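Residue numbers (my numbering), protein chains in the order written: chain A, 128 to 618; chain B, 128 to 618.
Bear in mind the hints are in silico, worked out from the structure with no lab data behind them. Please note that the accuracy of each hint is not assured.
Just so you know, same-sequence chains aren't split out, so a pair can sit in one copy or run between any two.
As the list claims (entries may be wrong) - Okay, derived cross-link-like pairs now, SDA-like style, lysine to any residue, Cα gap no bigger than 25 Å in a straight line:
1. Lys-184 to Ile-460
2. Lys-260 to Tyr-155
3. Lys-214 to Val-235
4. Lys-556 to Asp-438
5. Lys-561 to Glu-439
6. Lys-240 to Ser-543
7. Lys-181 to Arg-281
8. Lys-184 to Leu-296
Because the structure is a prediction, the values reported are computed rather than measured.
Protein chains: 2
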Amino acid sequence: MSKEITSRQQDYSQWYSDLVLKGGLADYSAVRGCMVIKPYGFALWENMRDALDKMFKDTGHVNAYFPLFIPKSFLSKEAAHVEGFAKECAVVTHYRLKNDPNGGGVVVDPEAKLEEELIVRPTSETIIWNTYKDWIKSYRDLPLLINQWANVVRWEMRTRLFLRTAEFLWQEGHTAHASKDEAVEETIKMLDVYATFAEEFMALPVIKGVKTVSERFAGAEDTYCIEALMQDGKALQAGTSHFLGQNFAKAFDVKFLNNANQLEYVWATSWGVSTRLVGALVMAHSDDQGLVLPPKIAPHQVVIVPIYKGDEQKAQIDARVGEIMNELKQLGIRIIYDNNDNNRPGWKFAEYEMKGVPVRLAVGARDLEKNVVEIARRDSKEKSTVSLDGIASYIQNLLKEIQQNLFDKAKAYRDSHITNANSWDEFVKLLDEKGGFIAAHWDGTAETEEAIKEKTKATIRCIPLENKQEDGVCVLTGKASTQRVLFARAY
Amino acid sequence: MSKEITSRQQDYSQWYSDLVLKGGLADYSAVRGCMVIKPYGFALWENMRDALDKMFKDTGHVNAYFPLFIPKSFLSKEAAHVEGFAKECAVVTHYRLKNDPNGGGVVVDPEAKLEEELIVRPTSETIIWNTYKDWIKSYRDLPLLINQWANVVRWEMRTRLFLRTAEFLWQEGHTAHASKDEAVEETIKMLDVYATFAEEFMALPVIKGVKTVSERFAGAEDTYCIEALMQDGKALQAGTSHFLGQNFAKAFDVKFLNNANQLEYVWATSWGVSTRLVGALVMAHSDDQGLVLPPKIAPHQVVIVPIYKGDEQKAQIDARVGEIMNELKQLGIRIIYDNNDNNRPGWKFAEYEMKGVPVRLAVGARDLEKNVVEIARRDSKEKSTVSLDGIASYIQNLLKEIQQNLFDKAKAYRDSHITNANSWDEFVKLLDEKGGFIAAHWDGTAETEEAIKEKTKATIRCIPLENKQEDGVCVLTGKASTQRVLFARAY
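Given only the sequences and the hints, what does the whole structure look like? Please build it.
As structure tokens, then:
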């Protein structure tokens with residue numbers, strides 16, 4: 128099985144596709160640019176979603192659901208937003224099919240043309256702020272802290288499973304506040320939630336920062352982001368949190384009576400992460416043998432494979448494994464037992480290695496006599512023989528250790544791939560030969576940012592929060608600069 | 128607050144809308160036929176979804192996600208399916224907008240026309256069976272027990288919040304089996320899951336039955352359903368489970384190698400329930416003062432309202448309530464404390480009555496001196512004064528009692544509204560004057576079924592499972608019949 132995976136060195140991009148397809152995470156579909164999320168991939172997403180959802184609720188947010196469709200005219204109401212979002216999207220123009228009068232299936236009924244076309248939501252600021260108009264009258268209605276889990280569609284030309292698909296799943300928070308300070312505070316709070324989630328659940332170290340003007344969300348005053356580094360040295364934006372100022376309130380005329388009885392426009396934020404995170408997770412930890420999943424979100428944390436000859440041995444092992452499983456389940460550990468007769472243990476080992484199950488137990492008849500099992504870690508591939516006494520708490524600790532090890536490893540890699548560049552030659556050389564984040568001085572203009580992007584395909588990933596201020600000169604133009612920003616080639 | 132609700136007697140339909148809108152469950156949207164599910168309504172749906180999801184997983188199902196869009200040609204592949212589903216649906220014809228050359232926002236870019244139109248899924252059999260074709264090769268790949276939580280769109284002309292909307296949320300199970308028997312067994316198993324869910328969580332008694340040929344799902348060999356009765360005597364189909372035979376396997380050429388090494392078409396089922404259940408829930412239990420929600424799925428099971436004068440009393444009550452809340456939370460009870468200064472206790476009482484919170488505690492300073500609280504039940508409106516000693520387990524039991532009481536009450540109403548009709552006059556009179564299910568003999572033809580529907584708007588809701596066999600004559604035609612079937616006017 129593992130032989131079928133292209134190695135990272137041979138072809139990183141193919142390695143990624145192999146993992147996603149052969150690891151059972153997703154599949155291509157008959158619809159251009161849309162993917163099928165397979166059960167194993169969906170179970171992973173569910174664990175991520177549930178952890179995030181709890182964090183949202185713990186910070187006072189509630190879920191709601193807004194329409195899939197957005198009237199075309201809504202997109203034009205916020206000037207910057209329409210430029211960013213109204214272009215590549217799915218447009219519903221008709222609401223009926225009819226039998227083809229010439230035979231051959233169904234055709235669009237020309238008489239069922241919509242008066243105004245509907246856009247399949249690429250993001251929901253417009254439809255939501257149009258609704259908030261009815262919900263917000265006074266400061267007592269604020270803050271409104273609402274999140275939505277939904278599918279969105281952006282008509283991407285070049286798609287890649289999880290990383291860039293026409294339809295994807297995400298959550299989008301849309302909050303409304305009585306003051307600028309409160310909205311800015313919310314923006315940063317949710318950025319922190321994302322960073323904590325990425326680091327604690329996905330074992331993915333991230334850099335928190337703010338985007339440059341050209342990389343801002345269309346309609347935002349400020350876009351904050353978390354940026355992660357993949358094993359090929361490319362960056363990946365793992366989540367964004369936007370301070371929207373009063374832009375959408377003005378576009379949809381959402382005012383509130385403040386506590387001084389004056390009408391004011393409402394302040395807004397929005398923030399989102401998507402199934403793209405699954406792609407980030409795959410690329411951050413996996414190896415040439417398959418997926419490597421962090422225990423906290425792995426669909427199965429432990430797999431038990433029996434090693435037996437004949438029914439009698441199997442029955443003995445089944446019974447003892449039943450006890451072990453009960454112990455582990457009581458600790459909330461997600462465990463499966465694969466005693467399927469159709470496959471040999473070697474095949475199963477390769478299969479669960481491919482699927483990235485963090486811990487594998489091999490249980491043989493002779494092991495049971497000695498009251499031990501063989502435990503293999505997916506992350507380090509270390510094997511050890513462990514006593515069955517206290518096995519549950521041993522595994523519980525091992526899962527924590529693996530989670531921490533994955534984070535430490537990813538962080539060491541990331542930290543060693545943030546490199547200062549002090550000249551243009553050095554910048555280009557680092558980008559081509561080492562990759563990762565290049566910390567370089569930049570003159571602060573969109574023109575220079577664009578020129579660097581055109582020359583190297585590197586973009587400014589972010590200006591890190593609490594960035595060190597130091598005098599320097601722009602790597603491209605030599606003009607004065609007060610801080611380094613992080614450049615990288617990115618997904 | 129409660130004064131604003133239209134009474135059931137005055138206008139049942141308006142009463143329902145009032146509850147949904149003023150109870151904070153949902154709102155109209157700017158998009159024709161689409162609704163906004165508000166946070167309180169969504170929390171209710173989440174509780175329903177989570178309970179169902181657990182039942183699906185406990186019966187061996189896994190979740191996955193398939194594309195929102197279906198290529199138009201797919202709909203034509205199953206002959207009956209296209210008749211039932213390909214008509215009123217949202218059609219995507221273009222994938223890009225551009226700036227209007229005449230100014231004034233954006234227009235559809237005529238150059239971005241899709242070669243084949245995409246349909247926003249009205250149900251996913253076609254796209255899923257097209258995918259299963261790649262996943263199923265041998266009997267070892269079966270059964271495939273997959274469920275999807277998703278949004279679907281059916282272009283309804285007359286819409287009502289939750290009951291009938293263009294876009295709605297649902298789950299759709301799509302399973303694949305190696306034998307007919309196994310597929311039929313799955314169909315019935317999921318019908319039972321739905322019935323158990325409706326009765327145990329929603330406190331909604333249902334009748335399990337099978338649909339007549341004309342009421343079958345488009346593409347099914349048999350459609351099973353659960354039918355519930357609303358307070359106005361109209362029936363509501365609360366869930367369906369379809370035995371699809373080999374129809375979709377044949378349409379999409381999905382064959383498997385059986386264990387005798389022969390190629391066979393795969394057997395299929397599909398089953399679904401939707402946000403429509405929220406509408407059923409509202410209509411089944413609520414009264415003229417507002418919503419009445421069953422404790423098991425109510426977003427808040429208990430609300431505590433403090434009765435105080437001045438900050439000192441409030442602080443005392445806050446402290447003691449904090450202790451009570453901890454006790455209740457430890458039992459997993461969902462509880463909120465409304466000590467908002469802006470509203471008076473009377474306003475709060477009416478508000479939580481409107482919202483259907485099952486249990487309300489009023490806590491006054493004098494009560495605390497006596498170590499008691501006043502407890503009000505939403506279902507019976509009974510109030511009692513109860514000692515704070517053992518309050519948590521008292522409330523835990525009370526919630527169970529309320530859950531049971533709601534079911535018993537709904538069942539008594541339902542049972543008293545299943546009436547035999549032995550002549551056409553009786554049939555019409557019962558339908559007009561009493562409503563509910565009319566058990567009547569029917570000659571078994573689609574013509575008679577249609578004629579009865581045209582004359583009375585009553586449809587055959589189902590032929591109950593394990594129906595009593597008895598000789599009789601059709602109420603309309605007088606032809607011979609072997610069993611009574613259940614007629615009703617329905618949502």
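Violating hint indices (sorted, rising): 4, 5, 6 and 7
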